[in-house]
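There are 2 protein chains.
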Amino acid sequence: MVKPRFDILGIGNAIVDVVAPVPDDFLAAHAMHKGAMALIDAGMAETLYAAMPPAQEVSGGSAGNTCAVAAALGAKVAYFGKVAEDQLGRVFRHDITAAGVHFPTAPLVDAAPTARCLILVTPDGQRTMNTFLGACVTFGPEDVDADLVADSAVTYLEGYLFDPPAAQAAFYAAAAAAHRAGRQVALSLSDAFCVERHRDAFRSLVEGHVDILFANETEITALYQTDFAEAVERARADVALAALTRSEAGSTIIRGAETHHVAAMPTALVDSTGAGDAYAAGFLAAYTAGLGLAKCGALGSLAAAEVISHYGARPQRALGEELAKIAAQG
Amino acid sequence: MVKPRFDILGIGNAIVDVVAPVPDDFLAAHAMHKGAMALIDAGMAETLYAAMPPAQEVSGGSAGNTCAVAAALGAKVAYFGKVAEDQLGRVFRHDITAAGVHFPTAPLVDAAPTARCLILVTPDGQRTMNTFLGACVTFGPEDVDADLVADSAVTYLEGYLFDPPAAQAAFYAAAAAAHRAGRQVALSLSDAFCVERHRDAFRSLVEGHVDILFANETEITALYQTDFAEAVERARADVALAALTRSEAGSTIIRGAETHHVAAMPTALVDSTGAGDAYAAGFLAAYTAGLGLAKCGALGSLAAAEVISHYGARPQRALGEELAKIAAQG
Numbered sequence: 154m155v156k157p158r159f160d161i162l163g164i165g166n167a168i169v170d171v172v173a174p175v176p177d178d179f180l181a182a183h184a185m186h187k188g189a190m191a192l193i194d195a196g197m198a199e200t201l202y203a204a205m206p207p208a209q210e211v212s213g214g215s216a217g218n219t220c221a222v223a224a225a226l227g228a229k230v231a232y233f234g235k236v237a238e239d240q241l242g243r244v245f246r247h248d249i250t251a252a253g254v255h256f257p258t259a260p261l262v263d264a265a266p267t268a269r270c271l272i273l274v275t276p277d278g279q280r281t282m283n284t285f286l287g288a289c290v291t292f293g294p295e296d297v298d299a300d301l302v303a304d305s306a307v308t309y310l311e312g313y314l315f316d317p318p319a320a321q322a323a324f325y326a327a328a329a330a331a332h333r334a335g336r337q338v339a340l341s342l343s344d345a346f347c348v349e350r351h352r353d354a355f356r357s358l359v360e361g362h363v364d365i366l367f368a369n370e371t372e373i374t375a376l377y378q379t380d381f382a383e384a385v386e387r388a389r390a391d392v393a394l395a396a397l398t399r400s401e402a403g404s405t406i407i408r409g410a411e412t413h414h415v416a417a418m419p420t421a422l423v424d425s426t427g428a429g430d431a432y433a434a435g436f437l438a439a440y441t442a443g444l445g446l447a448k449c450g451a452l453g454s455l456a457a458a459e460v461i462s463h464y465g466a467r468p469q470r471a472l473g474e475e476l477a478k479i480a481a482q483g
Numbered sequence: 154m155v156k157p158r159f160d161i162l163g164i165g166n167a168i169v170d171v172v173a174p175v176p177d178d179f180l181a182a183h184a185m186h187k188g189a190m191a192l193i194d195a196g197m198a199e200t201l202y203a204a205m206p207p208a209q210e211v212s213g214g215s216a217g218n219t220c221a222v223a224a225a226l227g228a229k230v231a232y233f234g235k236v237a238e239d240q241l242g243r244v245f246r247h248d249i250t251a252a253g254v255h256f257p258t259a260p261l262v263d264a265a266p267t268a269r270c271l272i273l274v275t276p277d278g279q280r281t282m283n284t285f286l287g288a289c290v291t292f293g294p295e296d297v298d299a300d301l302v303a304d305s306a307v308t309y310l311e312g313y314l315f316d317p318p319a320a321q322a323a324f325y326a327a328a329a330a331a332h333r334a335g336r337q338v339a340l341s342l343s344d345a346f347c348v349e350r351h352r353d354a355f356r357s358l359v360e361g362h363v364d365i366l367f368a369n370e371t372e373i374t375a376l377y378q379t380d381f382a383e384a385v386e387r388a389r390a391d392v393a394l395a396a397l398t399r400s401e402a403g404s405t406i407i408r409g410a411e412t413h414h415v416a417a418m419p420t421a422l423v424d425s426t427g428a429g430d431a432y433a434a435g436f437l438a439a440y441t442a443g444l445g446l447a448k449c450g451a452l453g454s455l456a457a458a459e460v461i462s463h464y465g466a467r468p469q470r471a472l473g474e475e476l477a478k479i480a481a482q483g
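These protein sequences, in sequence, are chains A and B. Just so you know, we're using our numbering here: the first sequence kicks off at 154 and counts up by one. Just so you know, we're using our numbering here: the second sequence kicks off at 154 and counts up by one.
Quick caveat, the hints were computed from the structure, so don't treat them as lab data. Just to be clear, a hint being listed does not mean it is correct.
[Said to hold, decoys possible] For the chain A half of the interface with chain B, some residues (derived, Cβ under 10 Å), not all of them:
1. Val169
2. Val211
3. Ala221
[What the hints assert, rightly or not] Covered stretches of chain B, as calculated for chain A (at least 3 residues, CB under 8 Å):
4. 198 to 208
5. 230 to 241
6. 448 to 458
[Said to hold, decoys possible] What follows is a set of in silico ranges between Cβ atoms, one per label pair, in the way DEER data are often shown:
7. A:Arg470 with B:Arg399: 44 to 52 Å
8. B:Ala189 with A:Asp263: 48 to 56 Å
9. B:Ala402 with A:Gly278: 33 to 41 Å
10. B:Thr412 with A:Glu401: 50 to 58 Å
11. A:Pro176 with B:Thr412: 37 to 45 Å
12. A:Gly293 with B:Ala471: 38 to 46 Å
All residues carry an ideal CB built from backbone N, CA and C; glycine is no exception.
Full structure from sequences and hints, please.
Structure follows, in structure tokens:
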């Protein structure tokens, strides 16, 4: 097979994060589930933003974060996602492009604004997210360039894409285009509540269309409605490869009869936003570079440690040497 | 005299900062003076932004930062500055309002966009700034509510306000309104290059209209075109009170025959953006609370240390107890 132009093509909701530290009682006062992502409408976004402390704006979006981190690690990366032609859309486009990611999706004009995720970070470093999808709801199959999918080793889909209605069709179109070209499809389950909202669709996708599955413990147990040990075996049966993360307990990687346990990398937790996105980035950057599964997990752990050591889900230090360092280890 | 409604009223360019780490050679490649602020037009702002790495957006503006920090310290604070009715203008308004600052200035509609400052942070923690003034150029005397000036103990003006043309008139109008009401006027010199651009205007302002002067070493020596020791004496003759900062060497505070040397607070320097703004905030919060000059300087040092320990010029930790702690010290 011809070597593809891109190692990773990410498809996801193109979102600018609005990040602020809050005390725990802020979550209680606004009836939020700590650690979860909730969808909110434009009115609620205004109300909640007005109640929030001073914030910082950083580009986000689960697959967008994965793409930015993977590019920082040296992978060749492209991204599809829908921003509006507005200031926050230009911020998103600047940041992902400056990260070295090819971003061809045309912006939405004269309609909904660029999506925002209001992220509340509690003193324990946990993030609780409230997403106004804005322009993302118009992302659909017409935004999926099948030639570019065919020219990417792995097409990586975020589970959150099941929320905006037109994106599910885009999801299936991308998976079909990837498999027609002999490429692989990766999926992140994104969030346990997202899994609850779309469990049947997720199960059918995982069983029939996904080669590489990323999930954390609450997500994988939500998908299979069982405990972690049993969920590992269900995933082993459903997909060719799965990387299941357990925060500071590290990750479990399974492929057929193989099982690898990889340690997390200790770090001072400031903001857990993007930990899973960064893990997937490190994993896939190593995987598409041909490294073994334990090294894929190790690079995932390293990337996750970098992004949780500061506010925001994209890297703040150079990571260009890390892939080669891990590749060189015995 | 009746106790005023506000301790501090800040007037300045209302700016959203776009902050990114860069290597030193980025400055050389773009012919920038490290540590300085340069004015750029819309085209240059586009060009430079395109060349910048992924960034984070945080509300800024020198006096805006001072107001946010002073409010975090418990002072009653208001702010005048001009944003546009756009997404970045709403970000600025949200952040300064959420910081507890009264911000009555009407936004500019259907004209220039909200001002941006592209801030490049080198590995030594120094920041180099490039400002596109946007909507700030329309700020003028009509934006100065004289009643609110009269109801503020100290009106604090940033030197950068001398750059947009209509703001100089606003500057003098505010100073006159403050003095008519028996209030005080403070000025920050902002930047040595800004002093060079407007030296005669600054000197006449300092001699005739300013009660409290803030400057760092390069600014005060640029104003008087002499060495620091002589500049201290010139300032002593020109203004009732001056606080002159020297980075890690601390600050020198003079009032008539009094001279106080205050130490800087040691901290890990990440991004020096807003150090002087935060110092002025701490100083004025203590000053308007009636504390002695050494304590004013100490609270200035503490506030500066907080903002240089992270990216962005506004506080990321609660500072509400610090004024009382310093007040209680022997």
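(message) Checking each numbered hint in turn, tell me which of them this model violates, lowest number first.
(response) 6, 7 and 8
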